[in-house]
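Chain by chain, the residues:
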Amino acid sequence: MSAAVPTPATGPAIEVQGLECAYDERVVLKDVSFSVRRGEIFFIIGGSGCGKTTLLRHLVGLRVPLRGSVRFLGRPFTDADAGQRREQLKTFGMLFQGGALWSSLTLLENVALPLEEHTALSRKEIAALAAFRLSQVGLGGFEGYYPSEISGGMRKRAGLARALALDPAIVFFDEPSAGLDPVTSRHMDELIRGVRDTFGTTIVIVSHELRSIFALADRLIMLDREAQGIIAEGRPAELAAASPDPRVREFLTLSPVHGT
Amino acid sequence: MPPAPEPSAARVTAQATADGLDVALAGDWQVAGPRPAWREAVGESRPARVRLGMDGVGLWDSSLLLFLAEAEAWSRSEGIPCDTGALPEKVRTLLAQLEAASVPRAALVPHEESFFAAVGLATHNVVNQGREIVHFVGECTLGLVQLVRRPGKFRWRDCFDQMQQCGAMALPIVSLISVLVGLTLAYQAAVELRQFGADIYVADLVGISIVREMGPMMTAVIIAGRTGAAFAATIGNMRANEEIDALETLGISPVQFLAVPRLVALGVMMPLLAFYSNAVGILGGMIVARGILQIPPSAYWIETQSIVDLHDITTGLIKATTFGLLVGFAGCLCGLRAEPSAAGVGRATTSAVVTALLLIIVADALFAVIFNLLHV
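If you're matching them up, the sequences are chains Y and X in order.
Taking my numbering, the leading residue of the first sequence gets 1, the next gets one more, and so forth.
Taking my numbering, the leading residue of the second sequence gets 1, the next gets one more, and so forth.
Read the hints as simulated data drawn from the structure, not as lab findings.
Be aware that a few hints might be false.
What the hints assert, rightly or not - Each computed PhoX-like pair below joins lysine-lysine, with the alpha-carbon atoms no more than 25 Å apart: (1) X/K153 / Y/K124; (2) Y/K124 / Y/K90; (3) X/K153 / Y/K90.
Stated by the list, open to error - Covered stretches of chain Y, going by a simulated chain X footprint (3 or more residues, C-beta under 8 Å): (4) 59–67; (5) 95–107.
Just so it is clear, CB atoms sit at the ideal spot from N, CA and C, and this is done for glycine as well.
Take these sequences, add in the hints, and give me the full structure.
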């Protein structure tokens, strides 16, 4: 069931106000507002094509929203100038759907790059830290491999190691279990929970994997294509049992493994 | 084991009865096989009503549905009632779905835009592209400034890799093309100059044209096809794999990370390649002079030295460096702007090569004017 109570919050980690998002010049989401508490595992769920990934890309600044604002740890992000933005980017990590490792670099170099760019650590320290991150995600011994030489699941784990390289306060995950077999997917879930429990990291996950939702989510929002926005917000078990919206109940209770 | 039954052809028999026409379908109806046409089955008859039956049908798929839809469309247009009551329930449901899913006209007719909207969108596009190019050039300049201020942070290893790729690895093709260009020029010159007994001036003609024009130009063309395309394809692929997004979310500028090392590599390697191309081109001319005109290589070399001076070599190398940077700009910019798909990467690569060639020719023309004004 739902994980432990998150660490006491000193203001929300993420505040989203009236966000309007477009994809290919087509408005997908209108007036999206929510906030994520510190140390929380927060899911963005919904059916295919409802704008989950689009919302995520707007949150992390890969796309510019038509309207609305995003604040991280109390500081404005969408309206910040380039310098402030760059500073804020250091405070969060992102795991892309396919891992998005840089193919010309080894796993160690992939994890080391953010440290080289943003810290004044020595080469030796950077290498040690990168190797430590890789061993944390179970990839010790694969430091010298290139992304093309390892499996999809390993690429995602390496992507997670890279996302954690700068000890971020917030980590975003885009479909962390997409394309993984059930066992690997479960390991990924455990890794994610481990990150939160160990570092108190705030975690935002875009997913429609019911098993992960019930295993990990403290709270979630559900998006809907027709509604072009949020149709439910709350704890997964409560929404599954008592949401007034039948679409939400249907989505959350279809799973035969509900509550494992 | 009995052999599998041979598929029998789809058949239609129409039989006139007292109250209309009974159309009976039989055989196997498969979409990959031949299918009878409705109009042939009914001919010119205009019965009071049509009754469809499919008791004799064995295997069937969408082929049968298409035939039935044709029958219904005909009966509607002729105003003759069509009785499908004898068809199985499943078939009638599918038939209704097929008719409901008729292709909307908008999907077939290309969407028409008003003239003003088209002009507006095109203008908007040009402005956006212009802004992107300015942004890209600005970021590259910033990257070069960073390189001078903090050389330790520069990605030297990438840069050396690229130098190896675009420089050393291009030597065989540059050699081949340059020697052939030298040979061709010398041949052409030999035919004309020989008539005036001015054989030795082949060396002058070849020397000047290679060093000032053909050496840098041919090297640039080779590099545009080889390296410019590779830049666009690599960077475009990174865009498709979200690798560029990953850089951006980590606050690393893709331009500084990917484009600047490549531009520096090309900026350094292009003059070297062009210089090499000059030497090989002159060698090509020398081979023809020796073979056809019986000019000894030493005489050819002395003549070349007397006509080609440092000015000519420098102008050639300045051109080569500029061409190299233009190829790099085109390759990296097209790659970064690629749509994140296989087709997008293909388009980006084509566009990188075409843009690079266009820029090279335009720049060459500009250089001709500038050098003429400066008398160099």
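* If you draw a straight line from the CA of X/K153 to the CA of Y/K124, is it 25 Å or shorter? -> holds, 15 Å
* Asked: Count the residues of the region 59–67 of chain Y with a beta-carbon closer than 8 Å to any beta-carbon of chain X: does the count reach three?
  -> holds (count 3)
>> When I compare C-beta atoms, does the region 95–107 of chain Y have three or more residues closer than 8 Å to chain X?
In response: holds (count 8)
Run the distance test for Y/K124 versus Y/K90: straight-line Cα separation, threshold 25 Å. Holds - the C-alpha atoms of Y/K90 and Y/K124 are around 21 Å apart, at most 25 Å.
Can the restraint linking X/K153 and Y/K90 be considered satisfied, given a maximum Cα separation of 25 Å?
holds, 18 Å
In summary, the structure agrees with every hint in the numbered list given earlier.
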